[in-house]
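Chain by chain, the residues:
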Amino acid sequence: EAGVAQSPRYKIIEKRQSVAFWCNPISGHATLYWYQQILGQGPKLLIQFQNNGVVDDSQLPKDRFSAERLKGVDSTLKIQPAKLEDSAVYLCASSPRRMDYNEQFFGPGTRLTVL
Amino acid sequence: AQSVTQLGSHVSVSEGALVLLRCNYSSSVPPYLFWYVQYPNQGLQLLLKYTSAATLVKGINGFEAEFKKSETSFHLTKPSAHMSDAAEYFCAVSDGLGGSTLGRLYFGRGTQLTVWP
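Protein sequences appear in the order of chains R and P. First residue of the first sequence: 922, per the working numbering; consecutive thereafter. First residue of the second sequence: 6, per the working numbering; consecutive thereafter.
Please keep in mind that the hints were generated in silico from the structure rather than gathered at the bench. All residues carry an ideal CB built from backbone N, CA and C; glycine is no exception. There's no promise every hint is true.
Claimed, not checked - Partial pick of chain P residues on the chain R-facing surface, computed with a CB cut under 10 Å: (1) V9; (2) G21; (3) F39; (4) Y41; (5) Q47; (6) G48; (7) K54; (8) T82; (9) G108; (10) F112.
What the hints assert, rightly or not - Derived DEER-like restraints, expressed as beta-carbon distance ranges: (11) R:G993 - P:T60: 31 to 41 Å; (12) P:S89 - R:V975: 30 to 40 Å; (13) P:T119 - R:L1005: 23 to 33 Å; (14) P:P122 - R:Q962: 23 to 33 Å; (15) P:L61 - R:R937: 43 to 53 Å; (16) P:A6 - R:G974: 20 to 30 Å; (17) R:G993 - P:Q47: 21 to 31 Å; (18) P:P35 - R:V976: 31 to 41 Å; (19) P:L61 - R:N973: 32 to 42 Å; (20) R:R937 - P:W121: 29 to 39 Å; (21) R:D984 - P:P35: 31 to 41 Å; (22) R:A923 - P:L12: 13 to 23 Å.
Start from the sequences and build out the full structure, keeping to the hints where you can.
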């Protein structure tokens, strides 16, 4: 079974530019998550989708971050405009359905550097 | 609110020695607890999870963890370290689904494990 795919793996941009990340979850997984992992910290949830609907985006900085999951499969996360503090690894994860203790399967992440 | 504290951002052990990575949690509801491992340039991989069944949980690669409610702890152990265990380890707690909770995972800051030959 193919894992969670993410692209690009690395991205370097200057502040105030925009950037987009793509995620393809494991086939059949209904729930998709985007996390931000700043160096030296654990991952922090940005947004959670159930199929193509948003379940939880309370920690998403909506003035600059946006995400969508059209057709309930692939997802994109966008930052516009980027700030220096957005430098982090952005992880995508998926799980078969929403459960209390459902395992989340993580992709390799996209490392973003904002100069 | 849920939170996790991992004591020690770096742990070093010799190959063959006991591995002990500490995790304490705070949860307003019965918790679901997880340990994840992250190898360089890779995503997180689930080691084991506690879901209110047995308090001693066995995971992959010889790791296990014990849920101690009285100590609000979920420490990760392995009797004998191997060079391949060198990685970063994250403890996480979920508040589960229901009512106002959304099954969100709250991660600790991570513990980097170094294994010396």
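To see whether the hints hold, each was checked on the structure:
Evaluation of the V9 (chain P) hint against chain R yields a held restraint, the C-beta minimum of about 8 Å falling below 10 Å. Below 10 Å, beta-carbon pairs count as interface contacts, and G21 (chain P) has none with chain R, the closest being about 29 Å; its hint is therefore violated. Annotation: F39 (chain P) was flagged as interfacial toward chain R, and the flag holds, the nearest CB pair being 8 Å apart, inside 10 Å. Using the Cβ-Cβ criterion of 10 Å, the hint placing Y41 (chain P) at the interface with chain R is satisfied: the shortest such distance is roughly 8 Å.
This hint holds: Q47 (chain P) has a C-beta 6 Å from the nearest C-beta of chain R, less than the 10 Å allowed. Using the Cβ-Cβ criterion of 10 Å, the hint placing G48 (chain P) at the interface with chain R is satisfied: the shortest such distance is roughly 3 Å. This hint holds: K54 (chain P) has a C-beta 6 Å from the nearest C-beta of chain R, less than the 10 Å allowed. Proximity of T82 (chain P) to chain R is violated relative to the hint, the smallest CB-CB distance being about 20 Å (cut-off 10 Å).
Satisfaction of the interface hint for G108 (chain P) is found here, the shortest Cβ-Cβ separation to chain R being roughly 6 Å, below the 10 Å cut-off. Checking F112 (chain P) against chain R by beta carbon gives a least distance of about 3 Å; that is within 10 Å, so the hint holds. Look at G993 (chain R) against T60 (chain P): about 37 Å separates their beta carbons, and that is inside 31 to 41 Å. Distance hint check for S89 (chain P) and V975 (chain R): the Cβ-Cβ separation is about 39 Å, which falls inside the suggested range of 30 to 40 Å.
Taking 23 to 33 Å as the suggested C-beta distance range, the pair T119 (chain P) and L1005 (chain R) conforms, at roughly 30 Å. Taking the beta carbon of each, P122 (chain P) and Q962 (chain R) are about 30 Å apart, inside 23 to 33 Å as hinted. For the pair L61 (chain P) and R937 (chain R), the supplied restraint of 43 to 53 Å holds, since their beta-carbon distance comes to about 52 Å. The supplied range of 20 to 30 Å is met by A6 (chain P) and G974 (chain R), whose beta-carbon atoms lie about 25 Å from each other.
Taken as a hint, the range 21 to 31 Å holds for the pair G993 (chain R) and Q47 (chain P), whose Cβ atoms sit roughly 26 Å apart. Remark: the range hint 31 to 41 Å for P35 (chain P) to V976 (chain R) is contradicted by a beta-carbon distance near 21 Å. A hinted range of 32 to 42 Å for the beta carbons of L61 (chain P) and N973 (chain R) is consistent with their spacing of about 40 Å. Distance hint check: the CB atoms of R937 (chain R) and W121 (chain P) are about 45 Å apart, inconsistent with the given range 29 to 39 Å.
Between D984 (chain R) and P35 (chain P) the C-beta distance comes to about 36 Å, which sits within the given range of 31 to 41 Å. Distance hint check: the CB atoms of A923 (chain R) and L12 (chain P) are about 37 Å apart, inconsistent with the given range 13 to 23 Å.
Comparing the model with each numbered hint stated earlier shows that hints 2, 8, 18, 20, 22 do not hold.
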